[in-house]
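Listed below are the residues making up each chain.
Protein chains: 2
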Amino acid sequence: MTNAMMTNPMMTNPTETNPTAAMLVIGDEILSGRTRDANMHFLAGELTKHGIELKEVRIVSDDAAAIIAATRALSQGYNHVFTSGGIGPTHDDITADCIAQAFDARLDVRDDARAILQAHYDTMGTELNEARLRMARIPDGAALIDNPVSAAPGFTIANVHVMAGVPSVFQAMVASVLPGLAGGQPVLSQTLRVMRGEGDIAATLSALAATFSDLSIGCYPFQKDGAYGANIVVRGTDGTRIDAAMTQLAKEIDQ
Amino acid sequence: MTNAMMTNPMMTNPTETNPTAAMLVIGDEILSGRTRDANMHFLAGELTKHGIELKEVRIVSDDAAAIIAATRALSQGYNHVFTSGGIGPTHDDITADCIAQAFDARLDVRDDARAILQAHYDTMGTELNEARLRMARIPDGAALIDNPVSAAPGFTIANVHVMAGVPSVFQAMVASVLPGLAGGQPVLSQTLRVMRGEGDIAATLSALAATFSDLSIGCYPFQKDGAYGANIVVRGTDGTRIDAAMTQLAKEIDQ
Chain A
1 MTNAMMTNPM MTNPTETNPT AAMLVIGDEI LSGRTRDANM HFLAGELTKH GIELKEVRIV
61 SDDAAAIIAA TRALSQGYNH VFTSGGIGPT HDDITADCIA QAFDARLDVR DDARAILQAH
121 YDTMGTELNE ARLRMARIPD GAALIDNPVS AAPGFTIANV HVMAGVPSVF QAMVASVLPG
181 LAGGQPVLSQ TLRVMRGEGD IAATLSALAA TFSDLSIGCY PFQKDGAYGA NIVVRGTDGT
241 RIDAAMTQLA KEIDQ
Chain B
1 MTNAMMTNPM MTNPTETNPT AAMLVIGDEI LSGRTRDANM HFLAGELTKH GIELKEVRIV
61 SDDAAAIIAA TRALSQGYNH VFTSGGIGPT HDDITADCIA QAFDARLDVR DDARAILQAH
121 YDTMGTELNE ARLRMARIPD GAALIDNPVS AAPGFTIANV HVMAGVPSVF QAMVASVLPG
181 LAGGQPVLSQ TLRVMRGEGD IAATLSALAA TFSDLSIGCY PFQKDGAYGA NIVVRGTDGT
241 RIDAAMTQLA KEIDQ
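Read top to bottom, the protein sequences are chains A and B.
For the first sequence, UniProt numbering gives the first residue as 1, with consecutive numbering after it.
For the second sequence, UniProt numbering gives the first residue as 1, with consecutive numbering after it.
Treat the hints as calculated values from the structure; they're not laboratory data.
Treat the hints with care, since some could be wrong.
Which copy is meant is left open, because identical chains are indistinguishable; a pair holds if it fits in one copy or across any two.
Result set (DMTMM-like, lysine to aspartate or glutamate): computed pairs, CA atoms no more than 25 angstroms apart in a straight line [what the hints assert, rightly or not]:
no. : residue 1 : residue 2
1   : Lys49     : Asp63
2   : Lys49     : Asp200
3   : Lys224    : Asp104
4   : Lys49     : Asp238
5   : Lys251    : Glu127
Sequences and hints are given; from them, build the entire structure.
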């Protein structure tokens, strides 16, 4: 890689003052191909709307060493970390244990979490048995995350927000957490769909990116019915600048 | 976390002699929530069939430092690394540069790759312009990966297989690479779908996992029409053992 490329203004991040985030997805079922993850796509969209920039996602298996190492690395690298999966009542739910260990925090059944579960299962006429009580184990110092879907809370410790893997519960927990986090400028985007190969429009895009160095200009190719096309996406926080770039782009692509 | 838990035989990996792999997905469009990744789910399924265990996935943005760091870390941690995205002709395609830098390899247009592109674009009556020629830049020492869909090759350097992000091209490249890699024992699985809450069956599963410590037993909850259910997945390489576990499981869950 040349130095020119490393400092290329085209690679400037237009939202570099916004808070950053990473996501840690915990679950063998995604890595084995059995399940297709849905939470990442949901979180990405919500964070973008809130002005928090999702910079990295890691997916690891139900392996304690892997979860602990990833939690520490991401917690140190980004303003926020969101985890999904592994906080249920069964033997393969080891996320709370691992997160506590990542922060050297004690983990035990906590009264506030137990009271939430007790009230929930009383209403349902279900016993709060030993397995379910595992879901009341919360690290010392953590704040609970409200779960209006199925009661069992998530928790926030340091900058790590620990949430469930079931999509309906994950989404409800994100809705509980996000309003309390400082957001940045919402990232706006416009897309131009072009039925031309990337190689035809690359020079135009390169020049446009140099002119609008405060914006991020991405080109995402696709194939449809044997023909080549591309979605050109212009992103940034200044809507007027995005409009100007799109106008110039449309004009140049038409020529 | 207690020591008992850290050494719990339930957490044993039944395929720990199989080769391991990681995937590195490169692309802002996935982190912004604009696009939902499809390649990871495809690769996970193909690797499982081939007896290679996908242990980790990382998704990073079009950022040189992030791509280089992730490439080095994953290359050192696993037997194979598969990347997707960022090898097209436009200014935001920086993957080849980053991979070369991760291995301190020189990157330039290579004659074999140029010949492939020249033949392809000659057939199409399209000019092999400067932008398209970027796709012939291959690190010294890398082997080309065949691309029967759109010609521009991927490449393998050390244990890293660099492939396109467009799903049809990614899938074709996986089909080119995978037969040449040593696989392990295919991982088999059976699933029992139960319309009971996880908390009801947790003790049964825990005992089953202790009895069948050579298998991996996962419990994946869901909610459907307000009711709680779970998919219990038994995985391993010995079909007879999986049958035995499923028979015992069905019997115990019925009681």
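Structure-based check of each hint:
no.	hint	result
1	Lys49 / Asp63	between (32 angstroms within a copy, 21 angstroms between copies)
2	Lys49 / Asp200	neither (33 angstroms within a copy, 39 angstroms between copies)
3	Lys224 / Asp104	neither (52 angstroms within a copy, 37 angstroms between copies)
4	Lys49 / Asp238	within (14 angstroms within a copy, 47 angstroms between copies)
5	Lys251 / Glu127	between (67 angstroms within a copy, 23 angstroms between copies)
When each numbered hint is compared with the structure, violations occur for hints 2 and 3.
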